[in-house]
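These protein sequence lines are chains V and X, in that order.
Mapping of the first sequence onto my numbering: position 13 corresponds to residue 14, and the numbering continues sequentially without gaps.
Mapping of the second sequence onto my numbering: position 216 corresponds to residue 217, and the numbering continues sequentially without gaps.
Calculated directly from the structure, the hints in this document are not laboratory data.
Ideal Cβ positions, reconstructed from N, Cα and C, are used throughout, including at glycine.
Careful: at least some of the hints might be erroneous.
Examples of chain X residues toward chain V, derived with CB under 10 Å [said to hold, decoys possible]: (1) Phe91; (2) Asp95; (3) Asp107; (4) Val256.
Here are the computed distance ranges between Cβ atoms for each label pair [claimed, not checked]: (5) V:Ser239 x X:Ala75: 50 to 58 Å; (6) V:Ala271 x X:Asp241: 41 to 49 Å; (7) X:Asp27 x V:Arg169: 33 to 41 Å; (8) V:Ser119 x X:Arg194: 19 to 27 Å.
Protein chains: 2
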Amino acid sequence: MSDAYVHGRHARESERLKDQAGALVDLLHGDTSYTAGSVVLEAGCGVGAQTVTLAQRSPKAQFLSVDISADSLAQARRATRAAGVTNVQFGQMDVFALPFAPESFDHVFVCFVLEHLSRPAEALASLERLLKPGGTITVIEGDHASALFYPDSAEAHKAIECLVELQRRAGGNALIGRQLYPLMVETGLEAVRVCPRMVYVDSSRPDLVDGVTRKTFTAMIEGVREAAIGAGLIDPESFDTGIRGLLRATAADGVFCYTFFKAVGTKRRAKESR
Amino acid sequence: MSDAYVHGRHARESERLKDQAGALVDLLHGDTSYTAGSVVLEAGCGVGAQTVTLAQRSPKAQFLSVDISADSLAQARRATRAAGVTNVQFGQMDVFALPFAPESFDHVFVCFVLEHLSRPAEALASLERLLKPGGTITVIEGDHASALFYPDSAEAHKAIECLVELQRRAGGNALIGRQLYPLMVETGLEAVRVCPRMVYVDSSRPDLVDGVTRKTFTAMIEGVREAAIGAGLIDPESFDTGIRGLLRATAADGVFCYTFFKAVGTKRRAKESR
Chain V
2 MSDAYVHGRH ARESERLKDQ AGALVDLLHG DTSYTAGSVV LEAGCGVGAQ
52 TVTLAQRSPK AQFLSVDISA DSLAQARRAT RAAGVTNVQF GQMDVFALPF
102 APESFDHVFV CFVLEHLSRP AEALASLERL LKPGGTITVI EGDHASALFY
152 PDSAEAHKAI ECLVELQRRA GGNALIGRQL YPLMVETGLE AVRVCPRMVY
202 VDSSRPDLVD GVTRKTFTAM IEGVREAAIG AGLIDPESFD TGIRGLLRAT
252 AADGVFCYTF FKAVGTKRRA KESR
Chain X
2 MSDAYVHGRH ARESERLKDQ AGALVDLLHG DTSYTAGSVV LEAGCGVGAQ
52 TVTLAQRSPK AQFLSVDISA DSLAQARRAT RAAGVTNVQF GQMDVFALPF
102 APESFDHVFV CFVLEHLSRP AEALASLERL LKPGGTITVI EGDHASALFY
152 PDSAEAHKAI ECLVELQRRA GGNALIGRQL YPLMVETGLE AVRVCPRMVY
202 VDSSRPDLVD GVTRKTFTAM IEGVREAAIG AGLIDPESFD TGIRGLLRAT
252 AADGVFCYTF FKAVGTKRRA KESR
């Protein structure tokens, strides 16, 4: 996992991720639940933005949520404790070097992680090995080129492109959502099903205007301002115009859309799978 | 309605619209049905790509489907006759000069029409006047900038941009989908609800690969090849590379997404509405 861009490291980023989790929980996780007794690996749990939801929706499953960052894990622990969740254990581990025997888990869950990895296919393959035959991997990723807004703004697209480019330079891929199907199929998973989840925001949904357009997406782009300017990708005025372009979509006649991709695949039951 | 770009005029275009209707019917129209006895105006029915579906889903409603093109109406008539549909009447009329008294219809349905109009707000307002208080207007439009594909292709985006630009020059707006909410609200409609409908295509859904990616979207872009080259928007090689870029998304590891926007609004019940 790249050290150059780890979500959830700063207080403001952590606040952003919590807002995001609140507004988008049903859209992303409404159809994820694990049966009683399942042992589920959450790979790359970060500050636990998804962990509480996951655990609450499958109260009789056991979760092991791992992340490479001790700071993030400390926050994740606090979040689960505050929510009274008791079916989660945490571990500080690298997703590329997990110390588990093959076929240790019933299911694997990975959310907003592959976008930061330079070798997402390799990560998926190593997670697949940890899965029992017949178990599932669920992967959720965004795709920043799916951002669509009214009024449109060329400067806003340039500001978004700064984040895409910085993530690319850090070895990641902010456009990975659309690629989940081939990634999962190439890993050897079966019955791969991708279901896009578009969050659509207009002023008839003020909670989403605030929680998604302003505090999630625009805040995320704004978060790379100094890095983008420092890297010479854009000048301060253009960047700020871009942010204003995004915020324009929060007005009464504004519209904002963003698409997440959720993929579920099943590990082959045959011994010779890989 | 602009004469420069009327859908359904040519045989090939008409074939394309039928493929589109087949693959996308449930996605777009699954939740549209009108109660027995309702009188519904379908404004801009074209070759009847939606008419048969609409009429079959509301067999006890009465439809009046109008279009400015006699050729399109002839095809629409044949399509309804072939389907055994008997609850549709047709009329050759301009959507800007409909010869009906105010409050003549229980509901209005408009699909893939506003994108071709230079004054979509005015068209909506004139349709709203024909509606009885408490009646609904349903509007469905695409948004060509929502096309997302894997692998990505800069040339494909340029080819798409040719269609967007030609439609703009003809007075239309191929990016109108995202704008439906403000358009409906500004018309004075109440309880406006927009619901995006993304069609997601990967090789696990071969009917959509063929029906949507190849025969609907790529064919539509391909359809403006001569016009785009003639207008000096692009050179033949770049355009053809763009088309190959779109077709690349039909391969086993390819992905294609496109978003339609469906909006429903209700006419105010108060007399002073407008």
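Verification of the supplied hints:
no. : hint                            : in the structure
1   : Phe91                           : 34 Å, violated
2   : Asp95                           : 28 Å, violated
3   : Asp107                          : 24 Å, violated
4   : Val256                          : 5 Å, holds
5   : V:Ser239 x X:Ala75: 50 to 58 Å  : 53 Å, holds
6   : V:Ala271 x X:Asp241: 41 to 49 Å : 44 Å, holds
7   : X:Asp27 x V:Arg169: 33 to 41 Å  : 38 Å, holds
8   : V:Ser119 x X:Arg194: 19 to 27 Å : 42 Å, violated
Violation of the numbered hints given earlier is confined to hints 1, 2, 3, 8; the remaining hints are satisfied by the structure.
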